[in-house]
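A.B. asks: Turn these sequences into a full structure, and let the hints steer you where they fit.
Protein chains in written order, with numbering that gives the first Met the number 0: chain A, 0 to 326; chain B, 0 to 738.
Note that these hints are calculated values from the structure, not bench results. Keep in mind that this is a model prediction, so the values were computed, not measured. Glycine included, every Cβ here is placed at the ideal spot set by N, Cα and C. Any given hint could turn out to be false.
Said to hold, decoys possible - Going by beta-carbon spacing under 7 angstroms, a handful of chain B positions derived as facing chain A:
no., residue
1, Val606
2, Thr607
3, Asp653
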Amino acid sequence: MKAFTYERAADARAAVAAAAARANAKFIAGGTNLLDLMRLEIEQPAHLIDISRLPLQAIDDEPGGGLRLGAQARNSDTAADPRVRTRYPLLSQALLAGASAQLRNKASIGGNLLQRTRCAYFYDTTAPCNKRTPGGGCAAIGGLNRNHAILGASDACIATNPSDMAVALMALDAEVELLGATGASRRVALRDFYLLPETTPHIETVVHPGELITAVVLPRAPAGRQLYRKVRDRASYEFALVSVGVLLAVEKGTVEEVRVALGGVAHKPWRALEAEAVLRGRAPSVAAYQAAADAALARAVGRGHNDFKIELAKRTLVDALTKAGRP
Amino acid sequence: MIGDPVPRIDAPKKVTGTATYTAEVWDAGQPLYGWIVGAAIGHGRIARLDTARAEAAPGVQLVWTHRNAPKQHEPDAGQISYARARPVLTSAEIRHHGEAVALVVATTLEEARAAAALVDVAYEAADGHFDLAAREAHAVEPPMVQSGLFATRSKLGDVDAAMAAAPVTIDRRYTTPYELAQPMEPPACFAAWKGDQVTVHTSTQIIAAARARIAQTLGIPMEKVKVVARYVGGGFGSKLGVQAETILAVLAARALAKPVKIALSRQQMFQLVSQRPASRQRVRLAAGRDGLLTAFAHEATIQQAYGSDFVEQTAACGRPLYAAANRFTTHRVVSLHLPPGGDVRAPGEATGLLAIESAMDELAHALGLDPVELRVRNEPPRDPESNVPFSQRRLVECLQEGARRFGWQRRRATPATLRDAHGWIGYGMASAIRTHFQLATSVRVRLGPSGAAVVQSDMTDIGTGTYTILAQTVGEALGISHHDVRVELGDSDFPTSAGSGGSFGAANSCNAAFRACRALRARLAAAAVADPLSPMHGLDPAGATLADGRLAIGHASEPVADLVTRLFPSGVDAIGDVADGTAEPSYKAYALNTYGAHFAEVRVDAVTGEVRLQRMLGVFDGGRMLNRATARSQLLGGMLWGAGGALLEDAPVDPRYGSFAARDLAQYLVPAHADVPEIDAIILEGVDDKANDLGAKGVGELGICGAGAAIANAVFNAVGVRVRDFPITIEKLLPGLPR
Chain A
0 MKAFTYERAA DARAAVAAAA ARANAKFIAG GTNLLDLMRL EIEQPAHLID ISRLPLQAID
60 DEPGGGLRLG AQARNSDTAA DPRVRTRYPL LSQALLAGAS AQLRNKASIG GNLLQRTRCA
120 YFYDTTAPCN KRTPGGGCAA IGGLNRNHAI LGASDACIAT NPSDMAVALM ALDAEVELLG
180 ATGASRRVAL RDFYLLPETT PHIETVVHPG ELITAVVLPR APAGRQLYRK VRDRASYEFA
240 LVSVGVLLAV EKGTVEEVRV ALGGVAHKPW RALEAEAVLR GRAPSVAAYQ AAADAALARA
300 VGRGHNDFKI ELAKRTLVDA LTKAGRP
Chain B
0 MIGDPVPRID APKKVTGTAT YTAEVWDAGQ PLYGWIVGAA IGHGRIARLD TARAEAAPGV
60 QLVWTHRNAP KQHEPDAGQI SYARARPVLT SAEIRHHGEA VALVVATTLE EARAAAALVD
120 VAYEAADGHF DLAAREAHAV EPPMVQSGLF ATRSKLGDVD AAMAAAPVTI DRRYTTPYEL
180 AQPMEPPACF AAWKGDQVTV HTSTQIIAAA RARIAQTLGI PMEKVKVVAR YVGGGFGSKL
240 GVQAETILAV LAARALAKPV KIALSRQQMF QLVSQRPASR QRVRLAAGRD GLLTAFAHEA
300 TIQQAYGSDF VEQTAACGRP LYAAANRFTT HRVVSLHLPP GGDVRAPGEA TGLLAIESAM
360 DELAHALGLD PVELRVRNEP PRDPESNVPF SQRRLVECLQ EGARRFGWQR RRATPATLRD
420 AHGWIGYGMA SAIRTHFQLA TSVRVRLGPS GAAVVQSDMT DIGTGTYTIL AQTVGEALGI
480 SHHDVRVELG DSDFPTSAGS GGSFGAANSC NAAFRACRAL RARLAAAAVA DPLSPMHGLD
540 PAGATLADGR LAIGHASEPV ADLVTRLFPS GVDAIGDVAD GTAEPSYKAY ALNTYGAHFA
600 EVRVDAVTGE VRLQRMLGVF DGGRMLNRAT ARSQLLGGML WGAGGALLED APVDPRYGSF
660 AARDLAQYLV PAHADVPEID AIILEGVDDK ANDLGAKGVG ELGICGAGAA IANAVFNAVG
720 VRVRDFPITI EKLLPGLPR
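C.D. replies: Right, here's the structure in full:
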């Protein structure tokens, strides 16, 4: 671990001002991922700005039936919030499927969005990795890639985003509120927040250097049944091999509204708009769900050890839609 | 009292954080901190080294590489492996990925770690051998298995002829992956010199082996080395011998004349601690239609590191298990450029029984015979290979009692025929067997004038409950409460034991303590009958008993405290010994093992193929239990490890780099709480009078033996897919899942 300096920010504006004033500064909240990465010198901030005590913990109702999750709301508190549980059960389920109780008690909403991949080669500093050293190569391609991406990967990187929460937020059309160094705030749809690896896998989001996530805003959820299903080798405390977040509303024998997002399959939480297009307006049936799953995975590419994830993702998605679509 | 489920006497210290583990030791003042730099390649040489930046980094006291590390002594292959010298930083040659190439010692841990990243090493990589399957053609039979405790091969009759003649045969190959012990507490060492004497706090299972290794590596007399390990946070075989962290801490502390502390990180525990070798096994079984075996053959090929002679007893575990006239077992090793393999809980049995007991299930299926019944029918009257009688063997009782308690009769004989809303339900079972060893151990018991006892041995408590069972044993033998027994362990100043390992620690140390108590009783009785002031004066000391704090002969008695105060004013002690099993006639005349039967119910998700253990029951015969609670905990822990071996544990090697690719516990998976909904271990009470005075054996490893096979067999019963390449993961089930 490299030596670093530390300060605790008094408020959000002070935090972004502090970040702007220092080269190579980083915000730290729960630290559940950052500290591990710093010990391995994969992250090497010279200065840490502690934002965990900023007054950004609140979960507030939004006009129109939405919900605003403060960036410092803990994962555990968010999952337990009665409004989240009743209006966004998908989010609550996804949060509870992630990490362990201890980690959820520590992890923040903003930090969860920015956690980094768990690709073993990213953590193995003796192996090449384009995320760690752009241009260095990707050890996962041609390596042990059971946990790697089947969608949206590039020749530079096949890592996956590990978040469960972000899969739910993707299906729920969440927006991320960012505060810039100048004090100006902006909102980015989560759909535009994450980047595919392409040739620059070290750039993972559209967040500018020094920008602070202050909130995640959920629009009013459409009517319909929400369901998160995470597939993994052990029953808890493991990142998803494949996960599926769905919202399905069936009215008078027709799919009125549908949202499909996948986790563990791509460099970002994957919104399967193609699957939604197949189902919207159609009569719900296993055949329709199968067609939707085929559409969602139509461009999937296996890399050897992870080939099974294509079939696994389809099966899991068909099953989740079947359960969500039951009268 | 012996056998009672007494709560651990060290538990209050552990839950209040006052039990001091190695990395927390501070008794020689502020230490310096060391960090080990590991090789970034799997095989080759160090081509260039630059330590200037590291040496100039803040707080750095010392940077060592093979160029400037102190000269150390080479190992003597004649010795038991974990007591041999273990020189570190000796050459430019890289023998495995992560091998120590440099040591940095600094004022703080953070400075040491930061400076370690500045050690600049350039390598000249060579093509290494990293792939067991690819090198299988180069397998050779090793001269010894487990340091000579087992023969490499065994042969009786003609297996090939029996296979050709039998109406039903099984000939299957099974593979098991690299696995790691990963105890909660990482290996750690705190070393402080005073003159030419060094005190070494180190997390180890065997004090005497650590002491011998340190002394021999440095080339100093054993008496100059004091080793202490009062509390050890698990070892599971990985701490039978101390490793680079201890040798380097001792050397650096001497060079700097200051205490030095080195602990491994979790990631380093995937490289600097030996792993359970991967194996490729072939099992052949031949049987009549009645299920009686006519042939049993088990051939195991396992990984070995170049230069290592460790071979686990993978193909030995079936030798005493089932009757069959024609038998063949052998071990082969394949040398690879990987870290040396080593003992990991139930070495050999954990992987060997996975194969044998899967094959027995395949045979039962082929015969259309109940798997429990198949095993009962093949119960041997004597050890089928050594042809000596078994000391005590209640395997059939374990099988039948387990079947009854588990509700085995509800199992469907035809796979993939039982379903609920969530998935396919399957039942599986397997036998457990584990060789019992006895190794030389000494324990001192001392009685003070108050009548309270002190037990001393360099025996360790690695989280198993040794402190407690020794207090119980001595309490009962001396006729006092275990609360009046103070147990002092893990210090080389105390009498030498064989330490913790191989399931021998409990029986070794409690029998030695029991004998010490018997010797104490004899001394007290002899003194009492010779003392005119004693009410026992002139009586025959042979009939003396100790109970309720009194020494009694017939109706005459006297408080022990009075006797000690009067006749032994400074206290009285005695040392009890047990000999190595090879020196015990009963260990030649009888086959001594522990036994058990596992029963498992799994649910396989019909959509995803996820396997979830629903219920598991083990029934065990391990001789006399010294504490039913700690014994049960050992057995449950073993069973869970079996579940991990069947379904989760896997450290794959990236053959391009020769490294275990995933080096943390987020990716190296062991069962979490949610993986174990309902589990129980039943102990059949018994006394094995051929084993020792107490009739006790060990159960530290028995729980894992066969446990994974019960789960694998349950998976087959659930979905009809037989996976022989462990662990059983989703991708291996998905293609064959029933619709």
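A.B. asks: All hints are to be evaluated individually against the structure, with a verdict given for each.
C.D. replies: Results of checking the hints against the structure:
| no. | hint | in the structure |
| --- | --- | --- |
| 1 | Val606 | 4 angstroms, holds |
| 2 | Thr607 | 5 angstroms, holds |
| 3 | Asp653 | 6 angstroms, holds |
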